[in-house]
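Asker: So the protein lines, in turn, are chains A and B.
Following our numbering, the numbering of the first sequence begins with 224 at its first residue and continues without gaps.
Following our numbering, the numbering of the second sequence begins with 224 at its first residue and continues without gaps.
Take every hint as true, because none was put in to throw you off.
No copy is singled out in the list; a pair is fine if it fits within one copy or between any two copies.
Derived lysine-lysine pairs resembling DSBU-like cross-links, with alpha carbons at most 30 Å apart:
no., residue 1, residue 2
1, 420, 350
2, 420, 382
3, 286, 297
4, 408, 531
5, 297, 272
6, 580, 514
7, 420, 580
8, 382, 531
9, 408, 555
10, 555, 382
11, 408, 501
12, 531, 555
13, 481, 306
14, 501, 481
Because the hints were derived from the structure by calculation, they are not lab data.
Number of protein chains: 2
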Amino acid sequence: MPNPIHQVTFQPNNQTVDVFRHGENLLRVAIAAGVHINASCGGNGGCGKCRVIIDQGQPESEKSAKISPEEWDKGYRLACTTKVVDDLTVTIPPESRIDNSVLRKDLGQKQHTLMARDLNSLVQGVKINPAVFKYYIELPAPTLDDNLSDLGRLTRELKNEHQLENISADYFLLRRLPRLLRDAKWQVTVTIVYNPKGLKLIDIEAGDTRDKNYSIIIDIGTTTVQGQLLNLNASHQAEERSVIDDLESELLVASDAKYNSQVRFGEDVITRIVYSQKGNGLNELHREIIKDLNEIIDNLVNKGGIEKDQISHLVVAANTTMTQFFLEIDPKYLREDPYVPTANFFPPVRAIDLGLKLPDYVHVYTFPAVASYVGGDIVAGTLGSGIFQREELTLFLDVGTNGELVLGNCDWLVCTSCSAGPAFEGGGLKYGMRATTGAIEQVRINPQTYEPMLLTIGKEKPLGICGSGVIDAIAEMLLVGLIEPNGKFNQELNTDRVRKSETGWEYVVAKADQSAEGIDDITITEGDIDNIIRTKGAIYAACKILLESVGLTFAELDSFVIAGGFGKYINLERAITIGLLPEIDVEKFMFVGNGALLGERLVSVSREMMGEAQNIAAMMTNIELANNMKFMDEYVAAQFLPHTDTNAFPKTMEMLK
Amino acid sequence: MPNPIHQVTFQPNNQTVDVFRHGENLLRVAIAAGVHINASCGGNGGCGKCRVIIDQGQPESEKSAKISPEEWDKGYRLACTTKVVDDLTVTIPPESRIDNSVLRKDLGQKQHTLMARDLNSLVQGVKINPAVFKYYIELPAPTLDDNLSDLGRLTRELKNEHQLENISADYFLLRRLPRLLRDAKWQVTVTIVYNPKGLKLIDIEAGDTRDKNYSIIIDIGTTTVQGQLLNLNASHQAEERSVIDDLESELLVASDAKYNSQVRFGEDVITRIVYSQKGNGLNELHREIIKDLNEIIDNLVNKGGIEKDQISHLVVAANTTMTQFFLEIDPKYLREDPYVPTANFFPPVRAIDLGLKLPDYVHVYTFPAVASYVGGDIVAGTLGSGIFQREELTLFLDVGTNGELVLGNCDWLVCTSCSAGPAFEGGGLKYGMRATTGAIEQVRINPQTYEPMLLTIGKEKPLGICGSGVIDAIAEMLLVGLIEPNGKFNQELNTDRVRKSETGWEYVVAKADQSAEGIDDITITEGDIDNIIRTKGAIYAACKILLESVGLTFAELDSFVIAGGFGKYINLERAITIGLLPEIDVEKFMFVGNGALLGERLVSVSREMMGEAQNIAAMMTNIELANNMKFMDEYVAAQFLPHTDTNAFPKTMEMLK
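All chains, please: the whole structure from these sequences, using the hints.
Answerer: See below:
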């Protein structure tokens, strides 16, 4: 765990919390610490309710019409527009306070752990040795006594100067070679790609262009497609170090994400597989995802201010269905018993052969898969989370549209998957949305008034609610008694926030006048709650069955790694409260963000890691949950908040009393 | 040397010759034996001058209006329409005889040696192990307990059943895999290609198609493009044998040839390289040769009665310039000092990437080259002639538009090339033509009357004269005194066959009334003779310089292998007479036909031979003749018939006396 950068002490409770990011939002710090402050506008300074008084230290705050000059001089600030850039002592004035009788300091103070990403502790000893690398060489010009072929001259020099042997050349490169070498006066930079069968010369440029070497990594999710542009030159400069502290911050040039355009053919993979069987369906779906990748690639290139011909490599990780759509391989048999993918290991493919608008020499490395529902994204996550290196028993959970799990250590790995549905990505919920600007991501409910306190992403007016927000909200509703353990509303409470609409009972999280323009009351319905209970029940049951398949229990886990965009600001305590996560020591949880991108970054900078990815895919044993009766039993038992087996959630039951 | 099949004894000279081919033409046997028979129509039965009497044995003869029924009963036949299918004794009646005072029995009887192709004696121990091979496998259908991916199932079976490991799969194959496996009820034939980096699965077909496995080999010459369709299944059946006697007869399904369409951009490589530098020239020339290949491929497929999807592999050998045009690699620097090719070793290229109309899984193996003027065709010829296996010192000579030479043994190889010009392929001669139907290929001249005796290919009326015909003619003209050693006509002879035309002095080989319709008098001009003298002088000088470069002389050669279409019916004695070949023991000469196709056939059936081809290209040292002053001296010295150094040609000088 990294060292805290600042500390904030909240008064009157004298509660001190660690802050790990310089400039962290003060409202977020307060919520994470379990200090409740009024806030109904999502954090954009609009409601003026989150007033605090700075007693000690110098934060960065924005002036606001809600704070008079006199108040400003007395130290009044809006927490939502205040950044922690110093150690602080902060008093919550009475008007901002809500009753904190249900605060649980022990859990609250630990929540930052989940946001810490310390790659050092995940994957050890990554040797910087990118699969795609550049060398600058100055060749002697040919003479009658030394009129070796152009390619022979190049490979001779690469062997003599850099000990690179058995290099093959890309055919398309050969066509550019003779003119370029001479135009460049024999001073060129070559790009070489490593794949398990050897080294291949894929590009050549005039002069020294070693500082222009980029890789693009893409995670194709069923709902979301995410891409990153990485500067491989940065990794090159870091070559002397045996370990990189934070690959993302060192390599990342630009990020981009968008919804998977295939969504218009169906929300989930099954619907899309069905569509692909009609007429030209497979090709349509393939072109749709290629179009998305081309868009993301264009955006990354623009954001990064680079040229496309500086991209050397494309890495793609996806679930098995998305992988087969991406490669235009019929996914029909993925959904038919006995659920057989066409391939688990994919040959390198020339990007242009897939319709990608990239230079002809760019090849795609596609992460290997394990089974029909344990794809390359999970192999990438397993790689990135370093399970395969450690003795400790780790459970890796990636929740996207499906829930995929890996359990094991350096000696063995088992995996499984369950249908989670898109609820945690905002799909299938009345006001659900992806975790982007305007999404309500944190919710606290006043146990007396049932008024909510909201925090939105980007601190804009609320547009909808994302996965972590809905988990927060349901947990809070359970804790304050708005709903029963079966997910049904308590209809006897004195609040207009709980109401019956055409679609049934619901709770108003944000009223229309507090929401973004054009957005109606944002509510959570009983249907939404059912949806979340099904989803969390499936995931919990899958975790339990996977452990049981190797004779283990939750108690024996040394580490529980959570990946997936939904969990970016997930509140551990709340996730346990609803029974999504097991009630184990919260110190064992670790959040790694997007697992696929994490593994893809490793593969981009290290060919050893590329080899490990292949090893991981080959060593993983898949446990099929389809037609598994034990799983069905566990699933049904988990259709309750937190669970029908209350013994498994003693602390949660204590709180609910 | 193979055993003779028949013997023919000619009377009245009691001269016996061996015949190595059942059904050989009797006129050809007579000429090869040095027995001169009148014949001016080219061998089509039209002139009726080649009458012979069969004394013993049963030939196959066609009836002719030139032989009366009474004569037929007495045994009269036309030699040109008689096939040797039995041992024969034949009398040449006085009316058919020409004076045979200049016959040289010793040489004449050996001429068949040159036509014998005994691959057994060229390359030893070819293990049949094609680079492209097929396996039939029956896979267990997947179950929930065994739901390995389709590709994993295939490779598991190939490993278990056939010990094939580390097989990668062609991306395009993956796209067809899932449907095909199920349609075929898991009984499939896979096509696997070996390349130096490993095994690659390139095709899969339903059921057992092992008997449908074809390879196409192409020799791209500057003037002529030749192709053969090989049945790799035949090679498979021969697998138990350690050695194949005659690859061509065992594998060959169909042959095809055409002029290189690039000819319209220039006769020689230099002109075409110059053209390629203008505008879109390179692409134009590339498309021209691809068009030729597509035509030849279509013809081969039609002739062979096969489907294109039964073709598994394409092998191409060509000189360096043609190789670069074929791959669309700028050949500019091949012709500029210091004559540097772009590459000597070429990666496998997908045939469709070059514009070839073949299935997407067909890859092209391009023979490696050595230098700008020693190309893959010569590497193939060197491979096919087995030099690299033997202790004996061998000189390999391939004469096409250029003359290319390789000297060495199993320990070392040196090579060089000289500009021969297209004369031996009929180019640049007034009535020159390629060695196809209607070409005069053999010429004898009556020393008293100066009347010629002609044999044409296909025994059609003469259309022109090909390489071997013009060598024959010039040698005969020298021997009978029609021309002087400097190549100039003796203008004092009493014959209307020597005459002065607008373009200078010339000899009429075939008069218009004896030639094919629309063809004028076919003549050999002083210009033609000059052309041939330059060409033969260059080749002889190059042979000599190559030997000298390693301190050797012609006398030390154990073997002299001649490759190239021009030499198909070359008469050794005549080639020595004009000083094209050195005067060494004729037993040392060996003719192998098209050397490129010979090596390509080996590579098609043996991956060891593919490895040897790479080794040969890597071990060959090129001696550059450009700017070589010694070569210039030798070249000038050879501009004489047979040579200015008459001591090197003692027997020829004896005959000329």
